Structure formats: C-alpha cells, structure tokens
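S.K.: One line per chain: the protein sequences are A and B, in this order. Following my numbering, the residues of the first sequence are numbered contiguously, the last one being 578. Following my numbering, the residues of the second sequence are numbered contiguously, the last one being 578.
Read the hints as simulated data drawn from the structure, not as lab findings. One or more hints might be untrue.
Chain copies aren't distinguished; within one or between two, either way the pair holds.
[Claimed, not checked] EDC-like mimics (lysine to aspartate or glutamate), calculated; alpha carbons at most 20 Å apart, straight line: (1) Lys526 - Glu327; (2) Lys253 - Glu571; (3) Lys394 - Glu280; (4) Lys300 - Asp271; (5) Lys551 - Asp271; (6) Lys300 - Glu365; (7) Lys274 - Asp415; (8) Lys466 - Asp411; (9) Lys300 - Glu373; (10) Lys416 - Glu438; (11) Lys551 - Asp492; (12) Lys253 - Glu365; (13) Lys300 - Asp419; (14) Lys394 - Glu298; (15) Lys253 - Glu298; (16) Lys253 - Asp283; (17) Lys560 - Asp516; (18) Lys558 - Asp415.
If you're wondering where the values come from, they're calculated on a predicted model, not measured in any experiment.
Number of protein chains: 2
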Amino acid sequence: MNRAEYLILRNLVNGPKGYWQLIRNMDIDIRTFQDSLKGLLEKEIIDHKAGFFSLTKSGLSEAKRFGFSGFRSIVCPDCGGKGISLKPFMEILERFEELVKFRPRAISEYDQGYIEPKDTVARVFLMYELGDVEGKEIVLLGDDDLTSLALLLTGWPKRVTVLEIDERILEFINDVKTDKGWDNLDLIRYDVREPVSDKLKESFDVFFTDPVETREGIRLFLSRCVSTLKGTEGVGYFGLTHLEASRAKWHTIQQDILNMGFVITDIIRNFHTYLLNRDDILNLGLRVVKDAPVSVNRPDIDFYTSNLFRIYAIKKPEPILKDKVELGRDLYFDEEAYVTRK
Amino acid sequence: MNRAEYLILRNLVNGPKGYWQLIRNMDIDIRTFQDSLKGLLEKEIIDHKAGFFSLTKSGLSEAKRFGFSGFRSIVCPDCGGKGISLKPFMEILERFEELVKFRPRAISEYDQGYIEPKDTVARVFLMYELGDVEGKEIVLLGDDDLTSLALLLTGWPKRVTVLEIDERILEFINDVKTDKGWDNLDLIRYDVREPVSDKLKESFDVFFTDPVETREGIRLFLSRCVSTLKGTEGVGYFGLTHLEASRAKWHTIQQDILNMGFVITDIIRNFHTYLLNRDDILNLGLRVVKDAPVSVNRPDIDFYTSNLFRIYAIKKPEPILKDKVELGRDLYFDEEAYVTRK
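Chain A on its own, in the form it takes in the complex (with noise of 0.2 Å):
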C-alpha cells in the first residue's frame, strides 16, 4: 500500500469524507491521488456514495492491519501550524484587509489564485521574525497577492519593488501607494520570460514569489529572483504545493536551488491556503475534476494549499537561466497541472 493510500484509509476510519477534504488532508500531487483514489475503489477497499468515501468491510481490516484508532490533527490550532502567532499585529492584518477588499479580481490566463488575506500577513511576518525585513530591500516577482502593501503597511522594509505582467494589479498598488504617499514602493511591469533589466540585477536583499509550478517555470522564476539579489546571504521565499508538484519534481527544484548557490533553511507546510473560485474549479474543466474517478460535487472547502520555502544564498548567487526565453502555455502547464488552467 503506498503513501496516499495509507493517508486515505486513515482519513476515512473517522467516518466518510468528501473529496475535496481528502486533498486537503494529503501531502500528495492530485495525479497521484486520483489514481491511488481509483485502485482503492476498484479493489473495493474503499467506496463512494452520495458524494463521500467511505471504507468497505475489507477496508475496515485493512486499517486494523495498521492499527489506525481513529486520526486526530494536531496542526496548532493558535497559529495553523505556520509557527507565528499576528497576535502582537492584527492591526496590521484589519489594514491590510481593508486596503485590498476592491482588489483586482483573479485570472487564469497568469494562473493567479489569491491567498487568504491573513496568509499574505502571516508571510511578511515570518520574513519579520526571520531578520528578512527591516532595513531590507525586497522585492515582489508577482504580487497578486498584494504583499507589497503588507509589507509597506509594517513601515520596516528599505524599499519594495513590484516586477508584475498584469496592469490592472499594477494599477490597483499604484493607486495605495499614491493615497498613502509611499515612496519606497516601486511598480514595475516585466514578463518573466524576459531577463530583469540591469538595473535591476544584483539589487536586493530579499526576493519572494510564488512561481508557476512547472519545472521549467519554477526554475525560470526562480532564476529571475535569483539574479536580482546583492550577492552572499541573499535570502528567497517562496510557495510551493504538493499538489501540483509532485516530490520527484520537488527533487528538481531542490537541486536546482542548490545549484545556483542556496541552501534550504525553513519549509512550512501548507502556509498559504488558497481562495479559489469554486464554481471555476468544478466548470472550468480542470483534470481535478475532469479526470476524478467518482463525479465530483462543487468544493465545500478551501483545499488547495501551498508551502513555504525559504532560502539563503552561501555564495555568490548563480541563476541558471539568464537569457530571454520562448515558453508559452507550457511555462504554466505540464503533466501534474490538475488545478491551473490549461
């Protein structure tokens, strides 16, 4: 029985689960999981009525082979597992979440997907309780989660950039960063399939971003980051799933973080819990849907999650891709996108 079987079956001894609270409580790519999901129907250890799993006879003593009593999450409720606590802050957060209540509404075509509100909060916080703020140039490859403004809210950072293809969110952070009068805040648009202009080239302290998931993507993302940072000690956030990166993928982007001259220093599961439209994900014909194999009802849950990496150069940073490249839809789209659009 391999890993998702295993988190499925002790998922359902508590009693029937829905789809989408079974992604939510797996650490595995929905590939993976629709497929592990189908042998456990098919051998009948499992089965699915009336939109929820449940175990069979024969699943019921399968789960006694691995003595499973009935599994409890323990994730700390106070601060869901991320490790901070805004307690000392949640006026910043009620700003935050005042400032971006018109925001721009998220689109597919750039595979944006918002964080909730208090997530973007928690992150510049962690940078904070990291030494990766004050003081600090930073800057944003992405912000559709509008981390810049939290960021400016906390008055700590030296400066932020934007580098952003979507105008209308360039746009909405210009019109924040001329009511409040923030001048440390610059907007920049850029397509990640350019190289960052030499100005900006070796500039920053700290990058964050939140990359497309394909492995030629991320390491283009990444690589993008990379080259803007001053040099040694240089430091990188960013998200990544499990859902739409397989662990072999991650494999690679570990490698690849490794080689351009970084270490790993923190990775926190499941920081950032996505607010996707629901109706989209059920309508617009993704393979989470389309290729389940049970019909699959309209999420009840937010179940599409990210983790947190950080990264912290040892030496002179070294991107691996420098120059212009060509990618189209696939710098968005391989063979484990099951929830970004195709």
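Here the structure of chain A is known, so what remains is to put chain B in place on it, guided by the hints.
M.R.: Only chain B this time, still in chain A's reference frame:
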C-alpha cells in the same frame, strides 16, 4: 554588515542582552557569531559591561539606519513554533516524563545531550501528524532522548528498533520494555562505524536520528539510516543545528540528501531545545566559552536548539557510505564544533 551583525544589532535595540541570549536569538553558527561579535566590539558599535552587550552611540545610529524599532519575536506561544499542539495528548507527555525521571546522565563521550521531554514527545506527534507512525516499522539510530519510549507509549508503531552504542541507555530502555511487556521493541548495541547487519537492511519504513554534526559524521549517520529503509517512500527524520553546522555545511548535507534519493519535505526551525549541563558548558573548555571575545558566565538559559528535518525517498534510497569506516574523535569534532567536546 553581515547577517550575524544585523541580528545582533536588532536584538540589542531593545536593551542589553547576555551572551547566551544572543546565541539563542541567532540562526548563525557559533564561530561566525563570535567573529561578528568581536568585529562589532572592535568597531565600537557595541560594548560589553557586567555580562551584558549593548549598543554604543554609533551602534544606535547603525540601528537607526535599518529602521529597527524594537524587535519582538512572534514565535507562536502555543506551540513554540513547532506547528503542532500536544494538548490532545497531554497524558502521553505526563507518562513519558514519569518514565524518564531516572534516565542515565548524558555523557559527552558519545556527544549526548538531552532535549526537553516535551520536545521528544512533540517529535513523535509531529511524525504521527505526518503519517509516519501508525503501523510503521521505525528505527532509531541513537536514542539518548528515549524517543523509543515515547513512540511505544502511543501504542501506534508496528515495531521500533533502537540502535545504540551506550549500554546504559540500552539497559534503561530494556528495563522499561520488560516492565511494560512491549514485545515490538528491539534493542541492539550498535557502533555507527560498522555497517548495519543484513537483518536490518531494507527493513524499516521510517528512521529517526540526531546525528553528530561533522560533515563525515552526518554523512555516516544518514547513510546507515538510509540503508535500513525498505525503499521508495521511505521517510527519515533528523535534527540539525545551525550553531555547530554552518549554512555552508547545510549545503553539503542537503546535497547528500538529494544524492541519496530523497527530497526534503519539512524543515522546522528550533524544534528541539537541549537541556545541556550548564556547569559543564562553562567548565569543560569548550570553544563556545574559550573563544568568546569576552569573558563568559555560566549559561542562564537553554541556548542550544536544533532544527527538525523530514526527508522522503522518491526512489530506492542509496546510502553514500556502505563500508566500515575508521573515524575516531573526528567523527564528532570539526572546525565548527563549539559546544561538542573535543
């Protein structure tokens, strides 16, 4: 200004701090920390009086340059940054604390030093949360923390095997085993310089080890553990400090991990706090005291922490070292060992 200097300044903006508190608040190896402290003292950015470091006038203006406004750590007060809560299982913690009351004293000959009992139990529950305990065959290479007892108290593992060089620890665990009638706990005297026996090879689902932190030592510990895993999807947990393993050393360790067929899935900062003997720290001639740029007092806090790694095999794991090795004290001691005894 390097990262260590930056973090020292940030810590002193709030007021004077002692040597051990500064170490606790860094994520820097002790050698670099000492060098940076020395540099700041020489440049008169900080001074040292009556056991406390503080900012000089020039230090204050440096701090102003970074906009430091008085750092307050926001590590989650509920879970201490571990991301999990023991509250549903407090009874196990109490029973564990009872069991380990009369544990053998740590001896530096084997690089021993216990972590807080609650950290041992938290480690077991993190492994549980991540699906690596129930019904699993688990091997522990070295068990001065008595993780085996915490694992068995839960009743969840299929089998736990302890490989340990110290007879006192084996006897202590064996006494508990006899008392409890645990027949799924195996105790084996083992010297890491020898390959594991054929009987142990490819026999386990999960390993845990808290290795020595020399490059060769950690490679050896991880290789031995890796050789015990059944295959793809095998999981390993281990502790690693940033105090005696520089980020450069982390890089070689992470490369070893990838080379052996694993991906890193989680790195949780400061998961373990060590209860080192404070008199020993002061009196044993350790470099953390001897090479400090000022005269150092007995530690007033538990300053020594380590990070918890989880790794996952994406293919059949391959140990780097397979044969007997002849490492002597250099197994334990290298140029970054500042608390480990020569």
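S.K.: If a hint holds in the structure, say so; if it doesn't, say that too.
M.R.: Hints, one by one, checked against the model:
| no. | hint | verdict |
| --- | --- | --- |
| 1 | Lys526 - Glu327 | neither (42 Å within a copy, 46 Å between copies) |
| 2 | Lys253 - Glu571 | neither (27 Å within a copy, 53 Å between copies) |
| 3 | Lys394 - Glu280 | neither (59 Å within a copy, 25 Å between copies) |
| 4 | Lys300 - Asp271 | neither (23 Å within a copy, 57 Å between copies) |
| 5 | Lys551 - Asp271 | between (42 Å within a copy, 18 Å between copies) |
| 6 | Lys300 - Glu365 | between (43 Å within a copy, 18 Å between copies) |
| 7 | Lys274 - Asp415 | neither (53 Å within a copy, 45 Å between copies) |
| 8 | Lys466 - Asp411 | neither (29 Å within a copy, 57 Å between copies) |
| 9 | Lys300 - Glu373 | between (55 Å within a copy, 16 Å between copies) |
| 10 | Lys416 - Glu438 | neither (28 Å within a copy, 61 Å between copies) |
| 11 | Lys551 - Asp492 | both (14 Å within a copy, 18 Å between copies) |
| 12 | Lys253 - Glu365 | between (37 Å within a copy, 18 Å between copies) |
| 13 | Lys300 - Asp419 | between (62 Å within a copy, 19 Å between copies) |
| 14 | Lys394 - Glu298 | between (57 Å within a copy, 14 Å between copies) |
| 15 | Lys253 - Glu298 | within (18 Å within a copy, 56 Å between copies) |
| 16 | Lys253 - Asp283 | within (11 Å within a copy, 61 Å between copies) |
| 17 | Lys560 - Asp516 | neither (33 Å within a copy, 58 Å between copies) |
| 18 | Lys558 - Asp415 | neither (37 Å within a copy, 64 Å between copies) |
Comparing the model with each numbered hint stated earlier shows that hints 1, 2, 3, 4, 7, 8, 10, 17, 18 do not hold.
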